[in-house]
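Asker: Here the protein sequences come in this chain order: A and B. Here the numbering used here is used: the first residue of the first sequence is 1, the next is one more, and so on. Here the numbering used here is used: the first residue of the second sequence is 1, the next is one more, and so on.
Incorrect hints may appear among the rest.
As the list claims (entries may be wrong) - Cross-link-like lysine-lysine pairs, in silico, DSS-like; alpha carbons within 27 Å at most:
(1) A:K230 - A:K146
(2) B:K42 - B:K83
(3) A:K77 - A:K42
(4) B:K155 - B:K194
(5) B:K43 - A:K18
(6) B:K146 - B:K42
(7) B:K18 - A:K8
(8) A:K194 - A:K42
(9) B:K8 - A:K18
(10) B:K146 - B:K219
(11) A:K155 - B:K18
(12) B:K42 - B:K8
(13) B:K194 - A:K155
(14) B:K18 - B:K8
(15) B:K43 - B:K155
(16) A:K194 - A:K146
(17) B:K155 - B:K77
(18) A:K8 - B:K155
Calculated from the structure, these hints are not laboratory results.
There are 2 protein chains.
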Amino acid sequence: MNVVTSMKDIRVARNLLKSPVGLVPTMGFLHDGHLSLVRNAKKQCSSVIVSIFVNPTQFGPGEDLTTYPRDLNRDLKMLEELKTDLVWTPTPEIMYPPDFQTWISVEALSRPLEGMMRPGHFRGVSTIVAKLFNAVQPNLAYFGQKDAQQVAVVKQMTRDLNFDLEIVVCPTVREPDGLALSSRNINLNPTERKAASVLYRSLSVALFSNNAGERDSQKVRRIIEEEITKEPLARLQYVSCANPDTLQEIEGMIEGNALLSMAVFIGKTRLIDNIVIGD
Amino acid sequence: MNVVTSMKDIRVARNLLKSPVGLVPTMGFLHDGHLSLVRNAKKQCSSVIVSIFVNPTQFGPGEDLTTYPRDLNRDLKMLEELKTDLVWTPTPEIMYPPDFQTWISVEALSRPLEGMMRPGHFRGVSTIVAKLFNAVQPNLAYFGQKDAQQVAVVKQMTRDLNFDLEIVVCPTVREPDGLALSSRNINLNPTERKAASVLYRSLSVALFSNNAGERDSQKVRRIIEEEITKEPLARLQYVSCANPDTLQEIEGMIEGNALLSMAVFIGKTRLIDNIVIGD
């Protein structure tokens with residue numbers, strides 16, 4: 001497994017790889033969610049590149065950039081075991097030199113939900129993903145459904161800017177109690193960890209009710225709210241029942257699919273989760 | 001010479017070309033300035049692609065999008081004579097489908113000069129150039145020094161977003177009286193056409209004075225203003241003496257190089273020109 005840091009080295013190393021090349025962009029501190037992306041990429045591509053970069057520009061002021069968990073040696077060991085071909089670990093100085101000033105905004109899709117709660121977040125995501133795409137020039141790029149809005153934003157950017165690659169979306173990987181894997185789960189103490197299962201439980205209750213015939217988007221949102229309220233350690237930041245393509249909130253009846261998504265604080269740790277319900 | 005329109009066709013046709021591939025992005029109504037870009041590209045590249053697209057998003061409200069001159073048949077004949085390999089003539093619908101919403105901003109460099117006078121102009125330029133780069137994937141891309149700020153913005157975007165290509169800047173091509181070639185010159189009536197030589201004349205007077213020892217940026221700007229004032233048909237919009245890399249206005253003494261640039265209305269036609277003075 002080749003591990004490179006500089007822009008020159010990633011270009012040279014990438015050009016030695018057999019196509020199709022798959023890229024799995026990560027912020028490191030890898031878990032089974034990331035590894036499932038790598039496994040999918042290994043299946044579909046001749047070569048797999050994983051980037052590890054905690055992108056400062058997608059963290060807002062007061063967010064957890066400095067405390068974001070990191071463990072490069074452990075990450076590299078996990079990627080080695082999966083026979084990853086190439087790992088790129090650029091530094092902030094490489095990605096954002098002093099006179100850096102170019103930003104990509106995917107406008108409508110970046111506005112609601114996470115974009116509302118984390119201003120500037122998706123501008124940081126779009127910009128770094130475009131930079132990764134241009135540096136690595138993958139044929140396929142892998143993202144997790146866990147970050148549903150990120151998936152929508154990256155897909156839109158790829159289409160709008162004519163990137164010549166395919167975005168592959170892989171299902172959310174969950175713990176046995178339903179908690180979606182996230183690098184931030186490490187910040188939960190044992191009591192909080194137990195409480196955190198409320199996110200997926202509330203989504204599941206909403207799914208059951210939808211399967212049983214509930215089509216009223218307001219009622220579906222309320223079901224989730226009520227379920228979250230039952231958990232004293234949980235504080236709901238938002239719950240959404242939205243069009244999965246436009247991310248616009250559904251008023252009235254759900255027709256076709258709906259993306260149910262939420263952000264919940266468990267203690268000081270902010271967690272997100274989502275499922276798609278409908279046809 | 002192959003002429004294609006759709007995104008699929010340009011990708012297929014491009015992949016059949018021998019590398020290095022040079023791209024000359026144009027808005028059509030070609031003149032010798034464009035042709036000098038194509039000739040330079042022919043010299044340096046194995047294959048040359050010219051794009052012809054009047055990009056609506058770089059025109060502001062009240063600007064000349066609808067009256068911008070067009071003559072595709074004449075353009076194609078000129079490009080055929082230069083043995084251009086491939087011409088791409090996308091439509092606005094291809095470049096900007098209804099749900100298009102992704103924009104690229106090169107912030108500091110887009111603010112002064114043309115960016116100040118034409119809000120949104122460089123956002124449109126950056127976005128369309130990135131789209132052309134991703135669709136064509138050239139190894140080199142050719143731009144004219146005539147649009148000095150556009151050159152600075154495109155170079156910065158290329159670096160910041162890690163596009164794997166080289167920006168080649170070619171000198172401004174001028175009429176015998178010094179008028180920089182521009183598709184917009186067609187809008188000048190014979191009297192205005194004669195008056196339009198004042199742009200380059202004023203730049204030349206400033207250059208002479210700089211060569212003779214004038215280093216005071218304010219005096220250099222004033223020399224240009226005074227020269228423009230002598231021409232009754234001319235109305236100066238701005239004159240600038242700026243750092244050629246940052247485009248920041250030089251206060252006090254000129255050290256090293258300076259970009260002298262201006263926008264001037266001759267009748268209703270807005271013209272720009274520039275030279276670099278100094279070492």
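Asker: If a hint holds in the structure, say so; if it doesn't, say that too.
Answerer: Hints and how they fare:
{"no.": "1", "hint": "A:K230 - A:K146", "result": "23 Å, holds"}
{"no.": "2", "hint": "B:K42 - B:K83", "result": "8 Å, holds"}
{"no.": "3", "hint": "A:K77 - A:K42", "result": "16 Å, holds"}
{"no.": "4", "hint": "B:K155 - B:K194", "result": "34 Å, violated"}
{"no.": "5", "hint": "B:K43 - A:K18", "result": "31 Å, violated"}
{"no.": "6", "hint": "B:K146 - B:K42", "result": "20 Å, holds"}
{"no.": "7", "hint": "B:K18 - A:K8", "result": "23 Å, holds"}
{"no.": "8", "hint": "A:K194 - A:K42", "result": "33 Å, violated"}
{"no.": "9", "hint": "B:K8 - A:K18", "result": "23 Å, holds"}
{"no.": "10", "hint": "B:K146 - B:K219", "result": "23 Å, holds"}
{"no.": "11", "hint": "A:K155 - B:K18", "result": "30 Å, violated"}
{"no.": "12", "hint": "B:K42 - B:K8", "result": "24 Å, holds"}
{"no.": "13", "hint": "B:K194 - A:K155", "result": "52 Å, violated"}
{"no.": "14", "hint": "B:K18 - B:K8", "result": "18 Å, holds"}
{"no.": "15", "hint": "B:K43 - B:K155", "result": "21 Å, holds"}
{"no.": "16", "hint": "A:K194 - A:K146", "result": "19 Å, holds"}
{"no.": "17", "hint": "B:K155 - B:K77", "result": "30 Å, violated"}
{"no.": "18", "hint": "A:K8 - B:K155", "result": "18 Å, holds"}
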